[in-house]
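One-letter residues, chain by chain:
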Amino acid sequence: MQPSAMNERKALALLTTYGADAKRWPKEHKAALADAAKRYPRVASTLMIEAQLDEALNGYAVTSQFSLDAVLARVERVSASSLQTETVNATLLPKDDSLVSVSTSELGTLERLLDNLLAATPFALTRLGLAAMVPLAVGVWLGSLAMPAEEPWWEVEQTLFAPIAEEISHG
Amino acid sequence: MVLVAKGDRAAFARLATQFAPRIEAYTTRILGGSMAAQDTTQEVMVRLWLRAADYDPSRARLTTWLHQIAHNLCVDYLRSRGPITTGEVTGVESRTLECPSPSVDTPQGRHSGDDLAAAVASGLAGLPERQRSALVLTYYQDLSNREVAEIMAINLRALESLLVRARKALRQDLEQQGWRDGDAA
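Taken in sequence, the protein lines are chains X and D.
My numbering puts the first residue of the first sequence at 82, with every later residue one more than the last.
My numbering puts the first residue of the second sequence at 3, with every later residue one more than the last.
No wet-lab data here; the hints were simulated from the structure.
We put the beta carbon where it would ideally sit given N, CA and C, even for glycine.
It is possible that part of the hints are untrue.
[Unchecked claim] These stretches of chain D come out as covered by chain X in the derived footprint (C-beta under 8 Å, 3 or more residues):
#1 16-22
#2 25-31
#3 34-44
#4 61-71
#5 119-131
#6 165-174
[Said to hold, decoys possible] Computed cross-link-like contacts, SDA-like style, restricted to lysine to any residue with a CA-CA straight-line distance of at most 20 Å:
#7 D:K170 x X:S126
#8 X:K104 x D:Q143
#9 D:K170 x X:E89
#10 X:K104 x X:S126
#11 D:K170 x X:D135
#12 X:K91 x X:K111
#13 D:K8 x X:S160
#14 X:K111 x D:L145
#15 D:K8 x X:V156
#16 X:K111 x D:R159
Starting from the given sequences, assemble the full structure and let the hints guide the process.
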């Protein structure tokens, strides 16, 4: 099959892109590019220059230092690490329903008291209100113990309100 | 890959032995002969082990998939630490110093094969990352242009543009290093 003609500019563009090695040229242009190299002296000289660069590139070989043992050891480490993470996630991190099933040893005294008084009450607001009332009640109780009334309460009140009562009675 | 995805370590070892040297050749040419190249290659193999189930053979060859992982890791590495210096590129320079090539006295009298390889390594290291990746992937890794474009997430025209600029810049760099047309022969 006769290759379709390729102009000089297109041939130069392909050579400076893919180099001089025909096996690297795009399949659809191989025949036309080889033909252009015969027809155009500038394409032929560019082919030579690119061939020298290709040869320089071919001379840069690298030696592999790959070690399968090192890779397998790394995979082991990563696998162990991911397994450890999964275990930690499964055992220590809270689950959605774990807030109502925390062991009693992790609770404070007040929480334990509430738990005993209101076993697993579903109403969180009620529990909060009661939790606030317990220390208040304890405080009142302690206050009554620490400051015992030295005289009956009604006498104190009569003393306090006497001037007002007197003002009212005098009009 | 199906076996690897199921956790078959023997199958993984076979694949790693088959593909790792080629991936290492790529990372070495992109990152230089530093520990980073070996480390990146190992990381690619670890990703192969961990993400084997993600591989879809209908979308790409396994080698393309692995090169894509390697390319992304190399780009991440280079962006995190900046460009490599010519002193870091491969062991070619030190090998030249330790073991001079027997063909030192070329007709031009200036370049041995190792010298030229070191010059190419240095020239590649001096290229912008995208030009270097395009040239190394197409020239050394036995991938089609379409595959390279896919790996680099660019279109074919952009790839060709990168290749033209890379070859031109590399030739100029080699000339600045004292290499001239004909020295390679």
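**Asked** Between K170 of chain D and D135 of chain X, is the straight-line Cα distance small enough, at 20 Å or below?
**Response** It holds: about 12 Å lies between the C-alpha atoms, which stays within 20 Å.
**Prompt:** Are at least 3 residues of the segment 165-174 of chain D within less than 8 Å of chain X when you compare beta carbons?
**Reply:** With 6 residues closer than 8 Å to chain X, the segment 165-174 of chain D meets the three-residue bar; holds.
**Asked** Quick check: the segment 119-131 of chain D, covered by chain X? Criterion 3+ residues, Cβ under 8 Å.
**Response** Three-residue rule met by the segment 119-131 of chain D, so holds; n is 5.
**Message:** Tell me whether the statement that chain X covers the segment 61-71 of chain D is true, taking a Cβ distance below 8 Å and needing three residues at minimum.
**Reply:** Three-residue rule not met by the segment 61-71 of chain D, so violated; n is 0.
**Asked** Does R159 of chain D lie within 20 Å of K111 of chain X when you go C-alpha to C-alpha?
**Response** Distance ~18 Å between K111 of chain X and R159 of chain D Cα, so the pair holds.
**Asked** K170 of chain D and E89 of chain X: Cα distance at most 20 Å?
**Response** holds, 19 Å
**Asked** Holds or violated: are the alpha carbons of K170 of chain D and S126 of chain X at most 20 Å from each other?
**Response** OK: K170 of chain D and S126 of chain X at ~15 Å, within 20 Å.
**Item:** Given hint V156 of chain X paired with K8 of chain D - CA-CA distance at most 20 Å
**Value:** This hinted pair holds, its Cα atoms lying about 15 Å apart.
**Message:** Check the hint pairing K104 of chain X with Q143 of chain D against an upper bound of 20 Å on the C-alpha distance.
**Reply:** holds, 14 Å
**Request:** Take the C-alpha atoms of K8 of chain D and S160 of chain X, compute the straight-line distance between them, and say whether it is at most 20 Å.
**Result:** Holds, because 13 Å separates the two Cα atoms, which is no more than 20 Å.
**Whether chain X covers the segment 25-31 of chain D (at least 3 residues having a Cβ closer than 8 Å to its Cβ atoms)** = holds (count 4)
**Holds or violated: K111 of chain X to L145 of chain D, with C-alpha atoms at most 20 Å apart** = holds, 18 Å
Comparing the model with each earlier hint shows a violation of hint 4 alone; every other hint is respected.
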